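Taken in sequence, the protein lines are chains Y and S. Note that the first sequence covers residues 1 to 265 in my numbering. Note that the second sequence covers residues 1 to 393 in my numbering.
FYI, nobody ran anything at the bench for these hints, they're computed from the structure. Keep in mind the model is a prediction, meaning the values are calculated, not measured. For glycine and all other residues, C-beta sits at the position ideal for the given N, C-alpha and C. Treat the hints with care, as some may be off.
[To be verified] Stretches of chain S that chain Y covers, calculated by requiring three or more beta carbons in the stretch to come under 8 Å of a beta carbon on chain Y: (1) 226-238; (2) 243-255; (3) 267-281.
[As the list claims (entries may be wrong)] Below, computed lysine-lysine pairings styled on DSS-like, alpha-carbon distance capped at 30 Å: (4) S:K263 to Y:K26; (5) S:K185 to S:K49; (6) Y:K26 to S:K229.
Given next are the chains, with one letter for each unit.
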Amino acid sequence: MIDIWNTIILQPMLNGLIALSELLDKDFGLAIIILTIAVRIVLLPLTFKQTQSTKAMQSLQPKLQELQKKYARNQQKLQQEMMKLYKEAGINPLGCMWPLIIQFPIWIALYQSIIQALAATPENLLSLAQNLYAWDLVGQAIPLNENFLGLKLSQPDPTMILAILVGVTMWVQQKMVTPPATDPRQQQMSSMTTLMMPMMFAFFTLSFPSGLALYWVVSNIIGIIIQYFVGGGWGYFKFPSLRPQPQAPAGQQDTKALKEGTNKK
Amino acid sequence: MIRMKNFIKPILVLTVLLMTFIVSCADQAGGGSCSGTAAQGWSGFTAYKQVLCFGSMEGKVIAFDPSARTDNKTFPAENEWLYVIKAATPGSTCGAMCAPSSSTSSMGIYSTPVAAGDLVYVGTYTGKIYALNANRGVVRWVYPREGSETVGAIVGSIITDGQTIYFGSSNSKLYALDAPTGDLKWEYQTSNKIWTTPAISDGIIYAGNYGGNVYALSTESGKVLWELKIPSAVASPIEVSGDAVYFGTFDRNLYALEKMTGKEKWKFVGGNWFWAEPIVREGTIYAACLDKNLYAIDAGTGTELWKFSADSPIVSTPVLSDKHLFAICDKGILYKLDAATGNMISSIPLGYTVNSPLYAEGEIVYAYARDHNVYAVDTAKGVVSWTFSSKIK
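Isolated chain Y (complex conformation) (with noise of 0.2 Å):
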């Protein structure tokens, strides 16, 4: 199995990271944030459709929530009814979760890829000769810089700077995403999903290398970039203001999603 796993995932990407650092003058960040975008190109197509399955589900919020009253003593029927809703609008509750799911892999793999090419240790580097190709340019490439814009990729940030960023462009992605709830102790439930991802990602990027953060980043802020265009501007995320906001134009593009359900009705 681990194998497999080597020869599909692991070395193909270990290998393409260190070439392609060699190609750019041995810099193994510039190569990270390559890869990154390479990846986000090739999940584009899952993407979008991550973000119509969003979009779809939080139009129908509010005949979710009418359900939920109408059958709130009969989980059963509740549960039919919402799926037959589901089905009616060709939605798959999970759908939206693939892009995620699909990058889990790719994580690892980096991981691993990063901890191995850079070799913090001897025994790393000793062990990243069994998972290396005959090519001249992997072997011109090794060992690899580990420094980029003053961090060491192989080590985690002792800054703290990278966990912030990695927390906040994951919180702004999900702001993008999430829309209000009516209900108050929904919105307080969704709020705290909302933070705990970001502050889970960035609690792991005190302990992982810097490298594997510099990809999170990377791939929120073009997450955001995407939302951005596809979803049509910041969605139901709002800067924050020092001025009091007028109610109505703020909650107009906030409840844009819910009027749409309650104009359907």
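Got chain Y; can you put chain S on it based on the hints?
Leaving out everything else, chain S in the frame of chain Y:
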């Protein structure tokens, strides 16, 4: 359902990241960290008087008497000692994650100790050089002198001409220290870190670094006599024999350079890195490769004389006795070969990975394995005579 939907994503992410942690952080043989395998070390042995001295994976310098171990005497017997290297300040050597996690823990030693006069010298991954009394294991001097100051992780071994000790370090410098006192004679800043052992011959020190540079410097003054830029970094310790300098590189070549000029004589391509130190005797180079082969190469022409295929990559530097060549693969199988033909005479499985250089006294071969044991193998009988754990206190 809405609540479930809210929680599926984070739970899934958390699960997979935890899996990543478990697979990538914890499943490292011999203990790892989130930045990779922990630095365990792979020091070889040096012999002086009747003892063998090596650096352990627990950060100790141990001198043991093979005859006392054969008699199964309690350690330390007469002439035996151990010295515990002080742990580094976290982050002082190679980053926060590969430095000791507590003040009581130590790091493995990569550098094979070297003896000269009444002192034994060892370089540590924590970035210090220790000169210990060869008879008692008491510190004579430490370099750098200040407690917190280091020269960066030392991975290669120290070499000496009796009066001076020389070593390269992760801070990219090559150092020459006065052997009796530890005073700095000279230092030379190279372009990249030096993780391999230099070599000296006829007043010249030869060193390679990870920037793909090979240097020849005067041992007296540290003045550069010649410098050569090669396409790849130097992967193996350097060996000097006759009129040539030999070393392996990360682009899978074994190089032979003219030692006075640095001009390339020939290069031999292997199937992977030549990681172990090439050993030379009577015009033949014995070069272990990570492609599982041990090559015998004509030192003059670079042509292959024979090769022996092991069961797994050969990390450890082989050793020669009168007629035999001993090599061990990283699966822990020790091979006894006819040095002239490469024919295998016998093989003895130790069962544990060995990355440290082998040492031989006649037909007894000593190997320090990853299970923290020194194995004394009687290759004439094909048995392990005794083992000695470096975890001893």
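Hints, one by one, checked against the model:
no. : hint            : result
1   : 226-238         : holds (count 3)
2   : 243-255         : holds (count 4)
3   : 267-281         : holds (count 4)
4   : S:K263 to Y:K26 : 26 Å, holds
5   : S:K185 to S:K49 : 28 Å, holds
6   : Y:K26 to S:K229 : 16 Å, holds
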